[in-house]
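Chains as they are written, first to last, in the numbering used here: chain A, 11 to 181; chain B, 11 to 199; chain C, 37 to 256.
These are calculated hints, taken from the structure and not from any lab test.
In this text the structure is predicted, and so the values were computed from the model without any measurement.
Possibly wrong hints are sitting among the right ones.
As the list claims (entries may be wrong) - Straight-line C-alpha distance at most 35 Å; calculated DSBU-like pairs for lysine-lysine:
(1) Lys250/C / Lys40/A
(2) Lys140/A / Lys40/A
(3) Lys117/A / Lys76/C
(4) Lys143/B / Lys74/A
(5) Lys140/A / Lys117/C
(6) Lys117/A / Lys221/C
(7) Lys194/C / Lys130/A
(8) Lys117/A / Lys194/C
Said to hold, decoys possible - A few chain C positions that, by computed beta-carbon distances, are all more than 12 Å from chain A:
(9) Ala105
(10) Trp108
(11) Arg124
(12) Ile138
Beta carbons are placed, not taken as given, at the ideal position from N, Cα and C, and that holds for glycine.
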Amino acid sequence: MNRRHAIFSAVATALLGVAYPAAAQDDPGKANIGRVSVTVYYATNGDPITAGTKAAAVSKTTEKRLRSEERLNFKSYRALGQDVQPLLRSYESWAQPLKPSDEVLVKFEASSLPTAEMMKLDLEVWFSRKKILKTDARLEGNRPLFVLGPEWRGGRLIIAVALAPKEKPKS
Amino acid sequence: MWLDDELVGEELALFEAWVLGQPEHLAAREETRRWRSMIASALPASEEPPYPDFFNTRIAQAIRDQTPKATVAPEKRRFSWQAILMPLAACAGMVLAFWVGTKSQPKVEIDVAGAPRAIPVEQIIYTPESGVKAELIASQDASAMVIVLDGVRAIPDSTDFSETTYVPVGREFDSTASVETAISDLEAP
Amino acid sequence: MNKSNGEPSKIVQGPVGSIDSDNSMDDPDDDFRLVALAQKGDLKSYDALVTRHRGRIFAMIRNMIHQEADAWDLSQEVFIKAWNALPRFEAKARFSTWLYRIAHNVVYDWTRKRKIESAGELNDEIFERERIDSASFTTPSGGESPDTSMSLGELRMKIQVALNKLSAEHREVVLLKDVQGLSYKEIAEAMDSTLGTVMSRLFYARQKLQTLLKDEYESR
């Protein structure tokens with residue numbers, strides 16, 4: 011009987027542990043179902059220094075990847091900014107990768123529950139406070155979306171939207 | 011309701027007769043009519059949505075996507091020995107035929123390379139700004155979907171992003187890396 | 037490599053101004069005929085209904101929320117919901133009035149859901165309508181002189197800025213009455229309200245708008 015009681019208590023505790031946060035969360039629509047990163051790159055065939063001194067060098071992997079697509083092939087790339095935002099079950103999220111500037115904004119909302127391989131989003135890209143692009147994006151772990159955007163300082167901005175890994179739990 | 015020309019028939023006739031001696035009511039009706047004329051001239055009652063054919067197509071597609079396939083309820087049958095023996099006999103026959111077949115015919119390789127592939131659903135893209143065009147490319151080389159925008163107004167060169175709060179550097183999370191790689195990077199000591 | 041064009045230059049934005057080319061818009065009997073067919077699953081008949089009513093629904097929603105792209109999406113949502121609710125439609129009211137009712141609910145849900153819940157800070161100023169580039173409004177086209185076009189465009193913008201200062205309910209009642217031309221009774225049905233409430237809202241809304249648009253109003 012003691013053993014049975016112990017098992018029951020353990021199960022009940024486990025259930026309560028799951029149920030309590032769910033109950034405490036008023037709106038299931040606010041459940042966090044993933045993370046999305048939005049990065050803005052500056053691509054140019056000229057001198058990348060025109061992007062400014064704060065712009066960062068880009069990893070070789072990224073360079074190689076961008077160059078492999080003809081329309082994204084430029085001589086140099088720099089990272090201008092990044093923002094990572096949660097993907098909520100039924101609310102939209104905004105990413106502002108060049109914060110505090112709002113020249114580039116990306117709005118996204120889940121359009122289906124994510125699977126292990128893929129997440130479907132309704133995505134909007136805004137430039138200079140105007141909605142420029144609306145699309146339904148399918149993001150996979152190793153398959154982002156690149157948007158070749160407006161010209162700036164002799165080059166082009168490339169907006170990369172990708173799934174972000176879960177945050178590492180703080181130890 | 012009279013102000014908005016909604017009275018009809020006898021009601022209207024009666025009211026019109028009465029209102030002839032009420033100049034302020036007549037003025038109010040005139041003012042209402044002027045107002046309605048002004049607002050109607052400025053705001054359209056009807057406006058074709060952009061890409062009207064595509065508009066309809068999306069609706070039809072959404073309706074088709076959510077329509078479940080019809081299922082037929084199984085009929086109830088009375089018990090019959092035939093119902094058991096016939097399938098068994100058919101099974102035995104198939105096994106026999108297969109065995110005979112394997113003995114008599116050479117093996118045939120099935121070529122899957124030429125088999126029809128599932129048609130992927132196209133990604134939908136929409137550019138509300140007039141003059142902006144978008145081209146969608148499924149880039150196998152870059153292992154990514156690419157949207158090329160044409161006709162977007164350039165950001166002024168004077169715009170400065172040096173105050174940007176966060177710029178990914180070095181081994182920071184790379185948005186184009188695989189999820190597995192990024193996780194292992196984070197977990198590395 | 038697969039390529040897919042996103043319908044760039046073929047279609048231009050629709051014209052501004054009342055479109056009254058489709059007389060069957062005022063033929064509710066024909067609507068009922070198509071609805072009856074659609075209720076049996078005839079998608080083609082439903083498609084005809086969509087074509088017939090999409091202009092009004094899109095204009096109504098666009099005038100309500102001022103976001104063309106979202107109005108495009110929400111208008112589709114109205115017709116998808118209408119298809120799903122077709123079995124419940126009875127020919128007691130006009131099909132168009134029923135659609136306005138669905139549009140009312142769709143816009144209400146959208147407005148409620150539009151609260152930004154992202155974890156990051158965001159400058160809310162970008163959502164002030166007045167700060168959105170006026171070029172994003174559909175510009176008039178189709179035979180008007182540039183002066184008339186500019187004048188109509190300016191008036192439209194002023195009216196929409198003024199409409200924005202009303203609550204959603206007051207804005208909707210003005211649009212349904214003075215733009216869409218619905219009767220009081222139809223508006224009450226579309227907004228799930230009473231005749232008295234519709235009348236008082238309309239009275240208040242018109243008074244407020246006429247005050248806000250005093251200069252425009254007196255010059256005409």
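Hint check:
1. Lys250/C / Lys40/A: Roughly 44 Å separates the two Cα atoms, so the pair is violated.
2. Lys140/A / Lys40/A: It holds: about 27 Å lies between the C-alpha atoms, which stays within 35 Å.
3. Lys117/A / Lys76/C: violated, 39 Å
4. Lys143/B / Lys74/A: holds, 26 Å
5. Lys140/A / Lys117/C: holds, 29 Å
6. Lys117/A / Lys221/C: Since the Cα atoms of lysine 117/A and lysine 221/C sit roughly 39 Å apart, the hinted pair is violated (cutoff 35 Å).
7. Lys194/C / Lys130/A: violated, 39 Å
8. Lys117/A / Lys194/C: Holds. Lysine 117/A to lysine 194/C sits at ~28 Å (cutoff 35 Å).
9. Ala105: It is violated; alanine 105/C is separated from chain A by about 5 Å at its closest Cβ, not greater than 12 Å.
10. Trp108: Since the minimum Cβ distance to chain A is about 9 Å, tryptophan 108/C lies within 12 Å and the statement is violated.
11. Arg124: holds, 25 Å
12. Ile138: Holds, because the least Cβ-Cβ distance between isoleucine 138/C and chain A comes to about 20 Å, which exceeds 12 Å.
The earlier numbered hints that this structure contradicts are 1, 3, 6, 7, 9 and 10.
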